[in-house]
Amino acid sequence: MKIYKLKTGYTELAAALLKKGQNVIAPKFSGRTLLFGKIEKAEDAVEPERYVNTVRSAKEFIFPATEPVVEFSYKNKDVKVFDSLVQSDEKIILGLRPCDAAAFTIIDDVFNYEYKDEFYAEKRKNTTLVSFSCEHSDEACFCSSVGLRPDSPQGSDLLFKKDVHGNYFAYSCSEKGEKLVALLKEIFEETTEDFTESPCYEEVLGHMRPPLDTVRIKEWLDKNFENPLWDEFASRCLGCGSCAFLCPTCHCFDIVDETKYSSGLRRKNWDACQFPLFTLHASGHNPRPLQSKRYRQRVMHKFKYYNDRFNKTLCTGCGRCVRACPVNLDIYQVVSEITKENSLEETLNEQHL
Amino acid sequence: MSNDKISAEVKKLAGELLESGKVSAVVGYAEGTLKGRVQTFIARKASETEKFIFNQNCANNLAVYLTKSYNIISAGKPVAVFLKPCDIKSVTALIQEHQLKREDIFIIGLSCQGVLNDSGPAGKCRACSMHNPQYYDALIGGVVEEKEPEVTDPFARVKEIESMTTSECWEFWMKEFDKCVRCYACRQACPLCYCEQCIVDKTRPRWIESSAHPIGNLGWHLIRAFHLAGRCIGCGECERVCHQNIPLSLLNMKMSKEIFDLYGYTAGMDEGAKPPLTEFKMEDNEEFIR
Amino acid sequence: MNNIYKPYLAKIDMVRQETPDTKTFRLSFMDPETAESFTFKAGQFGEYSSFGDGESTFCIASSPTRKGYIECSFKAVGKVTNALKDKDVGDIIGFRGPYGNSFPIEEMYGKNLLFIGGGIGLAPLRSLIWNCLDLREKFGEITILYGARSVQDLCYKPELTEWAERPDVNFVKTVDPGGETSDWDGKVGFVPTVLKELAPSPEGAVAITCGPPIMIKFVLQNLSELGFDSTQVVTTLENRMKCGLGKCGRCNVGKTYVCIDGPVFTARELEALPVDF
Ligand SMILES: Cc1cc2nc3c(=O)[nH]c(=O)nc-3n(C[C@H](O)[C@H](O)[C@H](O)COP(=O)(O)OP(=O)(O)OC[C@H]3O[C@@H](n4cnc5c(N)ncnc54)[C@H](O)[C@@H]3O)c2cc1C
Ligand code: SF4
Ligand code: SF4
Ligand code: SF4
Ligand code: SF4
Ligand code: SF4
Ligand code: FES
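Chains as they are written, first to last, in my numbering: chain A, -12 to 340; chain B, -9 to 280; chain C, 16 to 292.
Treat the hints with care, since some could be wrong.
Calculated lysine-lysine pairs in the DSSO-like style (CA-CA distance at most 30 Å, straight line) [as the list claims (entries may be wrong)]: (1) A/K15 x B/K149; (2) A/K7 x A/K78; (3) A/K247 x B/K192.
The set of hints was computed from the structure by calculation and includes no laboratory data.
Just chain A, with the same shape it has in the complex:
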């Protein structure tokens, strides 16, 4: 991992990229909402020190909310199908947080195993992830509970950290990162200064929610597919898609046809396990007829099933679902409570012995 000092600030970095004709996606305001969007003017890119995180994650640039995958036309017996074009122009996602960069390394597994989803893979291949370590966290962040830190390099092509004087240092973590530095060599200079244990990020860590015991959580989940706690947790869940749609690691989708006259598109659209229709059969049978079962699926998938399958936790602690949930059904609180139940059980067992 090479380290480079950035001789300018963030806005100048964005400007330099634009000047080189790069396609830059970065956090910017759409009204009051901070979202990733294409940057036309460097000043539109909101400086990382001014936000904790965006409302939506960066996943939509690789796995969009809606994306055509097949096109077709039909006139009587004459039917044709075409591949939809993958929107795979090279792009740079600037100003994303380590939790969002890490999320891609987690969902890469599902999009690539067995069958390769080229719509995901192509965009992923052509996207350079330039993350900025977090100078602030908020009450919802809990990346340190799932093996990450405010300055984790996981998934980033280039990771920026700041020294105490406010200078930016870039850690290049991949070939793509190196390429980007080479492109902007006039504003970067190689250095040996290392902020791996930067005190600033230790402080951010200190303000975060206490780490979760993911091993214990998984142990409990392994044993408690049936447990009255699920009803208790989910009794107030509204069954919306907020948590899943904002989550950088949720990856479920629907496939629908849309038509106009005698041609049409087949689209991949975000979908969520919290909707009753997600699993409803045409016969009326529904394997998850109650919200408690749907909410259980969410927690199980994040902290157990994905682990069982791909050996990774399906959560980066970005806190988006916590911030957005209309009823404050806080996944961190939920999984902490089950670990408490776990220890309670053990004390009871010990007492029996």
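The hints should help you fit chains B and C with the ligands onto chain A, whose structure is shown.
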């Protein structure tokens, strides 16, 4: 009355209601995990009522839990629910629409000084002239003084939009709708979006495209606004829960304004009234109906 | 690009009305290369599309030993199936597949086979049945127990007659009480009940069962009472699917993707899954 005192009152009342077996559950608020946020909480045992609180962060309209899909109302025993004066309007509307029976619920009416959102007093509260519950089974917080609202014209924001040219207006809304990801939190939080199958989920035929693209989003928001015309009671939950900050109340308020101008009707005020779009009167001014 | 979502085009060569709401299509691929190279195994499924309406999941109901075409049988229940129902010979539909695992046919060599089907659930079994009949000498006794709600709900009627007439097949058909007609020559009773009467021996046998969930439930129970070990019983799961490719997350049961790891499971494997189907 201070928040602590009010919270103590709701805990006590909820405890008594469950202890005495008068109600089967109490739907209320509990401490949240984030600043300025509370949790909704459903207690079924008196021992759980310690969790209840009431303060200015209690924005959620709990009437949504009284709709059928929550299946919370079991025969025989009422369910107690915390309701602010504006939330009670949704109960009125649900009763009007035969979704709820008055005797199935025990209303813990909360007099209210307004609730907060992320940036200060909620918009609806700034124009509110109803700080005391219209009716209730128990009143918490005493009777508070009704003062002149800070914003005297509840339709002021709507009028701003109305003053735009058609193309400005189109641009304004298309830009807002563009942010929509179709999570349906707005629908799920709405006490009046209780349809067993929402039109947006119907596939035979598919009336509204489910994709989060301009046409799909436009279709979704217009249809929802029309379905709530003369029914939306203005609790503002849809706008509050929309993480994309789409000003959904504006759409609903526009419809409320039209309904008021046409029929002099305000939703959620009178159990006995018929919402104008569900009935037909000879004096209705549309020629085509006659 | 290798677009995993792009279907092959297939022409409907034959349509058979199986029951008032169930049809069978015989399909051939439009692209000669695909027609030449396409192979599958009994138990696999595909995504069939009516363009403009969407895709639906059906098993491949024909045997892999019968080359040059595939067949599917479907019940018109929803959007896509109703659109498909209106298609006719010569119409073109889409097909993606074959997907999923398959019946462990090699492991069945030398064993007595007991097929237990209900209603449209005969479709996946039919693929395996013909596969086994085409390799008849590799298997021991073959028993087929098939039932439906009523006589008119029985699928593949000409083939039922053929099986009944074959000396190397022990064929038993039944309809639910009340579903019989005056000239009905089969049994009257629910499939699980008839299974008990038949009392097949578990010795060296494999039971393969498909049908409505309630039938499967009691068939599994009764097989176990008859002494079948859960490793000797094979069935299929029908979770709602979209992609068939292990991506969309819809078919998940625990860590299992029914579309990738299934749809064929032994009863033993089902016991290990969380009850999320
Ligand atoms: C592995 C497998 C094999 C199947 N084989 C057959 C078969 O051979 N013959 C047959 O008639 N049916 C079969 N089914 C069931 C069949 O897929 C559904 O009946 C069908 O998809 C309903 O589609 P629809 O669009 O008409 O219904 P709608 O109600 O309009 O369905 C909307 C969507 O729901 C999904 N869906 C609804 N019900 C089911 C279901 N039971 N299983 C899976 N997805 C569902 C589909 O994705 C569909 O696109 C099979 C299902 C699976 C999973
Ligand atoms: S589950 Fe919540 S905290 Fe975890 S990655 Fe998803 S949105 Fe972030
Ligand atoms: S939590 Fe639900 S929506 Fe998210 S990936 Fe898992 S199954 Fe899909
Ligand atoms: S947990 Fe919250 S955000 Fe997720 S579905 Fe339930 S109410 Fe919606
Ligand atoms: S809550 Fe907001 S983002 Fe979600 S569907 Fe409603 S308007 Fe769209
Ligand atoms: S949008 Fe319309 S159809 Fe959908 S739930 Fe609301 S009122 Fe019902
Ligand atoms: S059908 Fe999409 S993951 Fe199985």
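Consistency of the hints with the structure:
This hinted pair checks out: A/K15 and B/K149 have alpha carbons roughly 29 Å apart, not beyond 30 Å. Simply put, A/K7 and A/K78 have alpha-carbon atoms about 12 Å apart, close enough for the 30 Å limit, and the pair holds. Pair hint A/K247 plus B/K192 holds up; C-alpha atoms about 18 Å apart against a cutoff of 30 Å.
Every hint from the earlier list agrees with this structure, and none is contradicted.
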